[in-house]
Amino acid sequence: MEHNFHIRYNTAAEVWNDAIPLGNGRLGAMVYGHTNLDRIQINDDSLWYGAFMDRNNPSLKEKLPEIRRLVLSGDIYHAEELIMQYMAGTPACMRHYTLLGEVDIALNQHLPFASGAIPNSEGAEDYCADLDLMTGLLSIDHKQEGVSYKREMFISHPGQVMCLRLVSETPGTINLDVVMNRIGISDAVAMDDRRPGRKVTGGGWPAPSADSIRTINQNTILMKGNDSQIEFATALWMECDGELLNPVSQLLVRNCTEVTIYLASSTSNRSEEPVSDVLQKLEAARKKGYEALREEHVKDFSALMNRCTLDLGPAPSLPIDERISALRNGAHDPALAALYFQFGRYLMVSGGRENSEALNLQGIWNAEFVPMWDSKYTININLQMNYWPAEICNLSELHLPLMDLLEKMHEKGKETARVMYGMRGMVCHHNTDIYGDCAPQDWYMAAMPWVTGSAWLGLHVWEHYLHTKDINILQRMYPVLRDMALFYEDFLMEVDGKLVTCPSVSPENRYILPDGYDTPICVAPAMDNQILREFFAACIEIQRLLGVDKEFSEKLAEMINCLPEDKIGSKGQLLEWDKEYPELTPGMGHISHLFGCYPGNQINWRDTPDLMKAVRKSLELRVENEAGKGGWPLAWFINIHARLLDGEKADRGIKAMLTDSSSKNLFNFSLVFQIDGNFGVTAGIAECLLQSHIALHFLPALPTSWRSGSVKGLVARGAREIDLKWDEGNLTEAVVRPKFTGTIEVVGGTLKVICGDSQVQTKKTEIGFSFPAEGGKTYVLVPADMN
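The end of the sequence shown is residue 786 by numbering that gives the first Met the number 0, with every number in the run present.
Please keep in mind that the hints were generated in silico from the structure rather than gathered at the bench.
A few of these clues could be false.
To be verified - Distance windows between CB atoms, simulated: (1) N600 with G741: 18 to 28 angstroms; (2) V547 with G586: 23 to 33 angstroms; (3) Q217 with N471: 32 to 42 angstroms.
To be verified - With a cut-off of at most 20 angstroms between alpha-carbon atoms, the simulated SDA-like pairs for lysine to any residue come out as follows: (4) K468 with E396; (5) K142 with D125; (6) K663 with H331; (7) K763 with G775; (8) K413 with E396; (9) K654 with H331; (10) K616 with L562; (11) K497 with L562; (12) K286 with V297; (13) K566 with K663; (14) K616 with L643; (15) K616 with P585; (16) K762 with T742; (17) K149 with H331; (18) K578 with G73; (19) K628 with G588; (20) K142 with E124; (21) K628 with G748; (22) K738 with Y778.
Glycine residues also receive a C-beta, built at the ideal position from the N, C-alpha and C atoms.
Let's have the full structure, built from the sequences with the hints guiding it.
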């Protein structure tokens, strides 16, 4: 089926950040797409360096009262000393994500893997690489010396294998050399001082971090090793219609017309016998065959991708880098924003399927042994932002790996609460890893002491329920949520009649004390109060739905009433801390104090208009000081603009993400790749088109350059699927498909509601109108003056 959701290239990637991502949630690949010598960098989502470490620091329990006394007395300087000494996890850092390795494939080359070899496509003509976002199929076509070659790749979730097929139009013209390796990925290039005029890789010496790389039979090469107790294995199986050679160090095919390759991986974090697991996957793939695997993959992948699509008009037939460049130079290409939206959904389907690990800072795509910020789970914004699109963009089941991670954190967090705080329940700090480590992370005062991230993660359980009405998720996760709430009951302390967090931080920001000393350490920052207010309210509602813990509900309600209220400062801004302090970095990308506006909803245009004005002013002050120009901060800004109903600023933000913060492959990239920015903008685009935290709100912040268009398959709270059409900026049709029977309220002027051949009676409300709806039926809403 024809569609606009293709990312096309007329040149191969020269650097990792421009390579093409493929994945099935567990196995990830970055395909450079070269024709002579190609590099396919691979990851396994369960390959982290080392086993779980107990890093809990028992000395905190005795020192916490003194730390609190110092903070409350204003002696922050000495409080910081004790926090750094007694609160730090030991060691300070938890386990990190790492890379699996690479597959190098050479076509018709002499000595392709000699030291210093560089991926290249010299002599290639008519090159075209096409990633179909709807099917997850990558096609790479080119001509070399008059011969046409076609390569197709995908990574199958049902089959748990990467599949590659190379075909030549001229019989017998494929000669492949294939090798596996596990070295640091370097895209640096240098001149060869021993062979003047030649270029070589500028990376370090290629000593592999593996225990064995060799063929195990005529068709299979296996790489295996052990990373500090974690065993890993990956193997590649190849067949051809010509001659297959086995020199042990690599696999060779000669004089072929068609070659098929399968690759699988496993680790001891997932299987007791990773090698056996890998070989079983390859054998199953071999028996099933390429065509059956392809058909199965397309059916599986497209079923998720087709649920939700955004149409903003025709797309120019240009390579992606040229489209980005044209937009930067003023071209009108709203379809590029639609492509970016669908690419965000593609990354979620490719990076985080059911029963995979949760999406980390780079999803599953990482080329370094020790990546930036360890490519783990940072829970003061980044992990949560990864899952902002999951519900509204109709990928609800892909939210479940986050629930799985929360369950792993549960027992670890109970131990941290007991050992470090002497308190009930569970607690985590601002990071976790594949094992659910909940001890403090880093020697970083502006993040390390923060304990409110678990409540923020707990709200994802509630959002999943609100969008699905699946009571089973509440039954499953309530023990985790209850233990989170128990910890806060013990941790919060009463000061001047208010329950406050102490010590705490407003994630990664610092203020200046009257004596000139700058610090992040504080009492009850706005973000803590906002998160706990929403989390406790969600727990109360969950307890009501499940019919449990009525007395605890009453206690939580009392605690909500004792949390400090939001305050407005002298500039009309929302205060980030308990008092109005000068900020050390007024251009801070974190906008933690705006949590209550988004992703929370306690600050909104209906109930708290004055606080919404303060949110707007806070955002303006950040922008005046150069914040939010790219990356995940800009993504968060876009979502706030959407909640502020500001389509013009949301439009500018979306364009800026494309022009200023995207690499050639549309990854969110400035200095470092972080996938959260991709997911955050995807959520922001959806939030511009549909909001449901108050009632159904169609096109609440329609980007001003999207004059006409349509979206299908967004999901609103209440388990309602929504399609929208608009023309010249005005809604022409909304389709509502509720899963459950109930009254639906809509913001704005009354629309005509039709179900089948009948018009449905509507009722005016303070903010719009409502109508009764039956689950499983379809309701079409059109302007009242339309026939």
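A quick look at each hint next to the structure:
The hint said 18 to 28 angstroms for the Cβ distance between N600 and G741, and at roughly 19 angstroms that hint holds. Separated by about 46 angstroms at the C-beta atoms, V547 and G586 break the suggested range of 23 to 33 angstroms. The beta-carbon spacing between Q217 and N471, approximately 49 angstroms, falls outside the hinted interval of 32 to 42 angstroms. For the hint linking K468 to E396, the alpha-carbon distance of about 13 angstroms falls within 20 angstroms, and the restraint holds.
The straight-line distance between the Cα atoms of K142 and D125 is roughly 6 angstroms, inside the 20 angstroms bound, and the hint therefore holds. Distance hint between K663 and H331 is fulfilled; the C-alpha atoms sit about 19 angstroms from each other, no more than 20 angstroms. Taking the CA atoms of K763 and G775, the gap is near 24 angstroms; set against the 20 angstroms cutoff, the hint is violated. Under the criterion of a C-alpha separation no larger than 20 angstroms, the hint pairing K413 with E396 is inconsistent with the structure, at around 27 angstroms.
Proposed proximity of K654 and H331 is supported: the alpha carbons are some 10 angstroms apart, at most 20 angstroms. Annotation: proposed proximity of K616 to L562 is violated, straight-line Cα distance about 24 angstroms (limit 20 angstroms). Between K497 and L562, the direct Cα distance comes to roughly 6 angstroms. Compliance with the 20 angstroms bound is thereby established for this hinted pair. For a cut-off of 20 angstroms, the pair hint linking K286 to V297 stands: about 18 angstroms separates their Cα positions.
A C-alpha spacing of about 43 angstroms is found between K566 and K663, which places the hinted pair above 20 angstroms, so the restraint is violated. Distance check on the hinted pair: K616 and L643 sit about 11 angstroms apart at the alpha-carbon level, within 20 angstroms; holds. With a CA separation close to 13 angstroms, the supplied pair K616 and P585 stays within the 20 angstroms bound. Between K762 and T742 the alpha-carbon distance is near 10 angstroms, which keeps this suggested pair within the 20 angstroms criterion.
At roughly 33 angstroms between alpha-carbon atoms, K149 and H331 are farther apart than 20 angstroms, so this suggested pair is violated. Between K578 and G73 the alpha-carbon distance is near 13 angstroms, which keeps this suggested pair within the 20 angstroms criterion. Only pairs whose Cα atoms come within 20 angstroms are accepted, and K628 paired with G588 is accepted, the gap being roughly 9 angstroms. This hinted pair checks out: K142 and E124 have alpha carbons roughly 5 angstroms apart, not beyond 20 angstroms.
Taking the CA atoms of K628 and G748, the gap is about 36 angstroms. The hint is violated against a cut of 20 angstroms. As the CA atoms of K738 and Y778 are separated by approximately 12 angstroms, the hinted pair is consistent with the 20 angstroms bound.
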